[in-house]
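> Chains A and B, in that order, give the protein sequences.
The UniProt record's numbering numbers the first residue of the first sequence as 1 and each following residue consecutively.
The UniProt record's numbering numbers the first residue of the second sequence as 1 and each following residue consecutively.
Simulated from the structure, these hints should not be mistaken for laboratory data.
Incorrect hints may have been included.
[To be verified] Covered by chain B, per the in silico footprint, the following chain A stretches (three or more residues, Cβ under 8 Å):
no., segment
1, 17 to 28
2, 35 to 45
3, 226 to 236
4, 251 to 259
5, 265 to 271
Don't be surprised by glycine CBs; every beta carbon is placed ideally from N, CA and C.
There are 2 protein chains.
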Amino acid sequence: MTQDFDPGYPAPYAALAASYPGPDVFPPADFRIEWGPIFHRGRLDGSAKVLVIGQDPAQHESIARRILIGTAGHRFQGFLAKLGITSSYAMINTYLYSVYGQGGGNKHAHDPAIAAYRNQWLDTLVANSSIDAVIALGSLADTAYQTWHSTPTGEQYTGAYRHILHPTYPDSAAASTGTPAAELMTKMLTDWNAGLDALHPAITNPDTPTPLVHYGTAMAPTDLADIPSADLPAGCPAWMRSAEPWAQRTGANAADKRATITVSIPVDERPF
Amino acid sequence: MTQDFDPGYPAPYAALAASYPGPDVFPPADFRIEWGPIFHRGRLDGSAKVLVIGQDPAQHESIARRILIGTAGHRFQGFLAKLGITSSYAMINTYLYSVYGQGGGNKHAHDPAIAAYRNQWLDTLVANSSIDAVIALGSLADTAYQTWHSTPTGEQYTGAYRHILHPTYPDSAAASTGTPAAELMTKMLTDWNAGLDALHPAITNPDTPTPLVHYGTAMAPTDLADIPSADLPAGCPAWMRSAEPWAQRTGANAADKRATITVSIPVDERPF
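Could you build the full structure based on these sequences and the hints that come with them?
And the structure:
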């Protein structure tokens, strides 16, 4: 069988992947530094046309060691597909480590040392790729972009920029407010449609030229897109790119749950 | 913090990591193909002086996606250290996938299609590195070596070769025969000492010149060696290279247990 894979971290990204901030910059009370940094997903070979800023990695990402591969990833991959972008993207996160606990994400939104390292990635990506558009997923990612864009190198970026609601906004807002998730999904898709309107003209050389098709009021199965095998490390099984969940935090108490991820292959992906 | 990492699969290995045998060659009844192929550990940049053939990957290897990082890996890393080899090695396995069930390993020891792919790795490693010695861990690895060495390309290899008992032989033989593990460990270390005697003179240019020091009758803590961070993918946390177990197969029945690996960070490696 043949399967494309992500080749990893070539120069100049290799230096960033070998030297990264640890617990002195990301306090273990607020970040799951114990699972290690998870750097990116997508093209580091200069072919990226769209640069994406996500929020923070979760349990699937901690195992596959690439970002935005779970529910949020599948939804947003569909957004990129509507822009005709099927491979020419690079994604990094606002935070290198998974946020732990309530409020940890907001608390560190303006930490200079966190921004300093993240800005190196943004500088390097923009300097080594022809970026037509930057897309921020959620307000923390928007803050990350604005922080970078106010730096001497960041302000030289003159391409398109759009901040859209985070792909799991309907789920998290439903849990925190009690508003029906379907209503929040409609709200997100309205926001995403406006994002598509703004971004579609900026993608002058898409991978697959695509007439603009808006979302309806709900996310349809055809609105999701597969995570390409070329985005994961060599040998990763296909179910790691599945839209079905396959990793969960387990453990009898908070400490054990923080320290444990159970990987379970979806039943319909088992060859036995 | 700074941490070396394995850069992955450069040419000509990239082609081997992108195109590999699947369930038609490795029957799912005998191999855990659902966890994906796990190709190697060590240097693919031409600097390998020692080529190692292991047996098959287990649960830790399925998560970290590099071979020989668990108990067997730590024991054998110490063997290499006694030869003065601390980084200049490349390891592949007899089987690309974890063996499932009793006897599956022996049953496929002579499968031509399994050998054909494995021989490509051996050919490529020997052609692109200056290999002074090949070491086979266990009898299946010995068969793999002999199979390759009888091919037109394999027979051109004229460097040293040694087959030693597999690093977890004492554990597996104690479980299957009831012989005390300590007795079997002494037997293994006697075999390993003979291996050191044979191989030490063949390593003419070790990484760290080291006078030959034999094992005693038991494996001492100082006989183990750490797995270098340079052997694991970028960002992998240090506990993934720990000698403490951190991955186990869990599940209420055989099917679920086959499909599940629980990753649990060792208590003393938790920053919380």
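> If a hint holds in the structure, say so; if it does not, say that too.
Now the hints, each set against the structure:
1. Using a Cβ-Cβ cut-off of 8 Å, 8 residues of the segment 17 to 28 of chain A lie near chain B, which meets the minimum of three, so the contact claim holds.
2. Counting residues of the segment 35 to 45 of chain A whose C-beta sits closer than 8 Å to any C-beta of chain B gives 5, which meets the bar of three, so the coverage hint holds.
3. Coverage of the segment 226 to 236 of chain A by chain B holds [criterion: at least 3 residues with CB-CB distance below 8 Å; count 4].
4. Only residues whose beta carbon comes within less than 8 Å of a beta carbon in chain B count, and the segment 251 to 259 of chain A has 5; three or more means the coverage holds.
5. Note: the segment 265 to 271 of chain A has 5 residues with beta-carbon separation from chain B under 8 Å; the three-residue rule is met and the coverage holds.
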